[in-house]
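Those protein sequence lines, which keep their order, are chains A and B. Counting the first sequence from 1 gives a position; the working numbering is that position plus 24. Counting the second sequence from 1 gives a position; the working numbering is that position plus 10.
These are calculated hints, taken from the structure and not from any lab test. Fair warning: there could be bad hints in the mix.
Stated by the list, open to error - Just so you have them, the derived chain B footprint on chain A, three or more residues with Cβ under 8 Å:
1) 65 to 77
2) 88 to 94
3) 97 to 108
Everything numeric in this text was worked out from a predicted model, so none of it was measured. For glycine and all other residues, C-beta sits at the position ideal for the given N, C-alpha and C.
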Amino acid sequence: MSNASNGTILNEAEREIEDLLPFYHNGRISTADRARVEAALERNAELRRRLDLVAEEAQAAIVLNEAMSGPSPRAFDALMAKIEAEPRHAAHRMEKARLGFMERLGGLIGALSPRRLAYATAAAVAIIAAQSVVITGLVPGSGSGAPTYQTASAPGVPAQADGTFLLVSFTPEARAGAIAELLRGLNASIVEGPRASGLYRVRIGDRTLPKADAERILARLQAARDIVALVAPDQ
Amino acid sequence: MERDSDEDLVRRIAKGDNLAMRVLYARHHLRAFRFLQRLLKDEALAEDALSEVFLDVWRQAGGFEGRSSVGTWLLAMARNKAWSALRKRREGSLDEGVAEAMEDEGDDPEVQLQKSDKGAAIRACMAKLSPEHREVIDLVYYHETSVEEVAMIVQIPENTVKTRLFHARKKLGELLRDNGIDRGWP
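The task is simple: from the sequences and hints, build the whole structure.
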């Protein structure tokens, strides 16, 4: 039995429903339990209010997690070194890695579930709102009117079509100066963004770069972990 | 390869397919790493544990019976690695365990500063929950696991999953209230 400070007390049956609310919210609940929850929500305002609390908590958990960057390449390299040293698969030791960074990272974005993506989107918008204002200033020609592209704060303006592009999100702590310096060092520029997912489209070449060159740039961006949260190819 | 299911990849890994291993890593490493980092609160330790998790995948793929999803299997392994590392750390430093327990209590300047932003305050208090409470909160809210999956990952009965989540949420509400944010529950 739990009671709210406003005096609302849930009976035992309602408490059972309350325990199901987090799973109703994350969508991982049986059809029968879903029906029970929905029937209870329809008739009980306090349960509806508590579902709102669950939603608040879920959003906070998602923002907390999404704000964390990924592991350094060191973790993957250490793993691969250990695998290569494994005796069980000695016959495969000579198999050369056929995937580069591009393929390794390609599945990241697609791995997000629609629900998490939706929250991550909301979270990203909240976190990068201030940052994007600053980053807007990094877009070549912003304010000059000369180029044909702008940030997402100017939707509808077509980004340049030619070139090689990556999708990049920056850490919440990244300073505009550091981002600018990083991009300048790679002769790269932001041409679009932030998108709803918090990603910026970054041009790393005026033409289609050889795969090895693109991977080298991607690796350098990925190595800048204090600045770059995620980088992936933009096919 | 991109369209292979996780289960297909694990079957290929069991045969020593290095490429399948890389694809599985690409799909799951970020979620596993975040889960580890939230539990361990230490990036280097989390990276070490992540490598160990996927090394176990390489070694144990042949024994994967598909009784859970690959994602659940990975989180269960990650959880075991994290708790093993936490135990070692606690054994190494009793003071740290005490310090962690103390984190839960009291008025927190960080939370105080966040009062104007309820979401930020909830996040600040969430970060102060015990590892037991953090893991169940993350598993349900971020990793979107079911009661049955949490039970499998945390190795507790299904009813205990609901009870633990309830207490984690209750603790969160108390931390918020202690810092001046009353959500009307608990």
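Hints, verified against the model:
{"no.": "1", "hint": "65 to 77", "in the structure": "holds (count 3)"}
{"no.": "2", "hint": "88 to 94", "in the structure": "holds (count 4)"}
{"no.": "3", "hint": "97 to 108", "in the structure": "holds (count 7)"}
Of the numbered hints listed earlier, not one is contradicted by the structure.
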